[in-house]
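Undergrad: Each chain is listed here by its residues.
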Amino acid sequence: MTRHIRHAAAFCVLLLVALLVNTAWLQVLQGPSYGGNPANRRPTIARYQQPRGEILVGGRPVTGSRDTGEQLRYERTYTDGPLYAPVTGFASQLYGTTFLEHTEDGVLAGTDPLLAGFPLWQDLTRARPSGGNVVTTLDPAAQRAAFDGLGPRKGAVAAIEPTTGRILALVSTPSYDPSELSGNGPAVAAAWERLSRDPEQPMLNRAVRQTYPPGSTFKVVTAAAALDAGVVTDLDERTDSPDPYRLPGTTTRLLNEADHCENASLRHAFEWSCNTVFAKLGVDVGVDRMRAAAEGLGFNDEGLRIPFLVSPSTFDTHVDRAQLALSSIGQYNTRATPLQMAMVAAAVAGGGQVRAPYLVERTARRSGGTVSTAGSRPVRQVMRPTTAARLRELMTGVVTDGTGRNAAIPGATVGGKTGTAQHGLGNSGIPYAWCISWARAEGDMEARVAVAVVVEDASARRGDISGGGTAAPIAKAVMETVLRSPTAG
Amino acid sequence: MTKAGTTVAAADPPVPAVRLPRRRGVELALIVLAVLLPVYGYCAVGLARYGTVPPGAAGYGAGLAALALLAHLVVRLRAPYADPLLLPIGVLLNGLGLVLIYRLDLETPGDEAAPAQLVWSTLGVALFILVVLVLRDHRWLQRYAYVCVVAALALLTLPICFPAVNGARIWIRFGSLSIQPGEFAKVLLAVFFAAYLAANRSALAHSGRLMWRLQLPTGRVLGPVVAVWLLSVGVLVLERDLGTSLLFFGLFVVMLYVATGRTGWIAVGLLLAVAGAVTVGRLEPHVHGRIGEWLHPFASIEAGQGPGQVAQSLFSFAAGGVTGTGLGHGHSILVGFAVKSDFILATAGEELGLAGLAAVFLLYALLVERGYRAGLALRDPFGRLLAVGLASLVALQVFVIAGGVTGLIPLTGLAMPFLAQGGSSVVTNWAIVALLIRVSHVARRQYDGRVAP
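For the protein sequence lines, the chains are A and B, in the order given.
To convert a position in the first sequence, counted from 1, into our numbering, add 1.
Take the second sequence: its letter number 122 is residue 106 in our numbering, and every next letter is one higher.
If you are wondering where the hints come from, they were derived from the structure by calculation, not from laboratory data.
If you're wondering where the values come from, they're calculated on a predicted model, not measured in any experiment.
Be aware that a few hints might be false.
[As the list claims (entries may be wrong)] Derived, one-sided and incomplete: chain A residues facing chain B with beta-carbon distance under 10 Å:
| hint | residue |
| --- | --- |
| 1 | ALA19 |
| 2 | ALA47 |
| 3 | PRO83 |
Even for Gly, the Cβ is constructed at its ideal location relative to N, Cα and C.
Build the full structure now, drawing on both the sequences and the hints.
TA: Below, the structure is given as structure tokens:
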């Protein structure tokens, strides 16, 4: 019997070995692949197990975290949610993340490898690094000024610092409170349903994700192309432009809102926004050089990230001469985001140099140590410095004498260009009032701020008066705020 | 009292006495360790969840220590030669089970199982003490073999009269108290098998005819095998309890082999088992589903119905890795239903990791090994078969349920001995340890030169 007991014992050892081998295989070899199974909730639970890092504006967090004690424990909160929604986006347990919450998720959630401590120690303790902070370039006062300036109207504001590309304000109205989307209760689903069905599209980030016909503000680009190409050499020389202007190859006649546009000088045409002059200028410059000017400033760029993706602004290059004429005055297929038009103003203000705009100054550990910084940004010279200087002269004239007088700031040099863009079938849509501008305080070497404002203005009449009347005061308020605030850095 | 043995030996001076160490001090030291480890685990859970030592830690530790020391005292008095490892292993596994259940209770605030489990553990230790005190000699049980089998059959058939719970008719209920009689039945059956096989082993071993190198048993002695096979299939069909049926059958085959040494019995047993399993697997959708879930644990995820229990259990083990998440840091509660009973090992796997799980398996292995060792040391066939049977019972049960939750074999509902929530199981396991203590006491005492054999 003893021999058989030993056999039975050997059988039990076999069972034990089978269990141990299977468990080792399951826990060590298979473990990592099971962790990535979409049905496994552990990664999701771990993600919400600690408070998320903060997004900082002007040194103060505009976000927070609330401990719910539920399985997905910490929920996002926002101070001034609607004000910063186009920048922060939302971080929802149900609907994921958008904008900075999305692009900086690694840092905020603590999963970024740069946040990790000692690798072996971390594997052993399984401690997850606490979420890092994201320091933005925003100027809280400018953001507030833009938001208050737009008020209940539908529109967007983008403001950048021309010398660096830092984004000082990024506003879109109507906005929404992203904290409504935090968490995973039925209230969140209801809020999502309501916000996504709202015809006013509060979750649309109009500053970077909506393109508008830029209208007369695009004449800055056309003027830059004409000056760079040498089509116009003297701002005050009379141009050879009929009024009305018959679009080449068609019988359509282009009219002006302003007077005295026939054969007007570039200065007069710019200050009073003569469509005929700029349409003909665009045709004279030619599609290749127009395209070079527009694309140099950022049009047709599908890869611009600030760090979230900016919708590409478009300048159609497959056009006949009539379409080119319309494109040159910001109509036809020419479309631009407010941020793109702010870049145009910044290029003029900054001596013809374009710096890629950015929103994240640096990311930091919770304890304060820097994880990454925006670093030095590439600079592109997109127009001759003399061209930029002449454009500044023209844009200053718009504010002192022309359609942009509402943007004038005492004690500062301000340049601007207003515009009103018709759209829709038979121009039936609500017109867009535009203003792009820059401002240089007296005594400063360079402009401190470049702004683009677009407002969907039901009361706008045809003509550039509305751009000057509706959008310019908002631009002025933003510029004034930036000029008043102490110099950054 | 402990000196009782030595006074007998002292009356027989001509024999050169070799005094066998009784190792009760070792047992006490191990018990202290076996109490401290769960108390540490209990504190670790509290620290992980609330940042403080749970208020009940001292009481819990004192309760466990009191039970363990009481059991130790009884062993010291009545079974002084018993194996010193058995009791500490029981205490440690029971304590660990309480910690895991307490830890899972924190996730289910409305449904606390740890207090009831503590009460059942107390009852289990009480039964342990009773068995060690009353049962002077295990051979006494041999006389009641047929009482045992009748009682076992009665206990097994009883739940058929009660409503099914979660698809299985294995519980009987008195108000809020529910008992799983199959758990008690398995010890009684082990006693019966040991007695029956000890009495009939020559007849079973030396008759039959040779057929292609296998010596097949004759029809006359095949009767009991068929009876047991029918019993286990009956349990399976009537109570939908695949695990218990598998356990009974495995136990009988192992004991039959140990008693007769005939490989023919194993062949017959395996054939019958396969035939029974295939037939029932075809007929019973319940069993069929379990096999499907074993073969394709993630099929329900791919079908868009979310993870099944086996998939969740596999996720738990996988999340544990080598070192585990630490007590209180895992999410094995996602397994859902039966997480404190059948799937308790998933919590151990996730929070203690492969290291902890291997330690738990080795504790069981040690328990089984001590049982086998006692079986080898004994001289009477009944005692040998009883020790081997009880040890095999633990080994098979651990394999069936641990293999089920880790995806090694199809999942069958069985309680992890000592760890899982379930009063009947804890009480039964303490009875098994008590019987092993008694058997090992006799086994080792006979080698003590100062005690009359």
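Undergrad: Quick one: which hint numbers does this structure break? Sort them smallest to largest.
TA: 3
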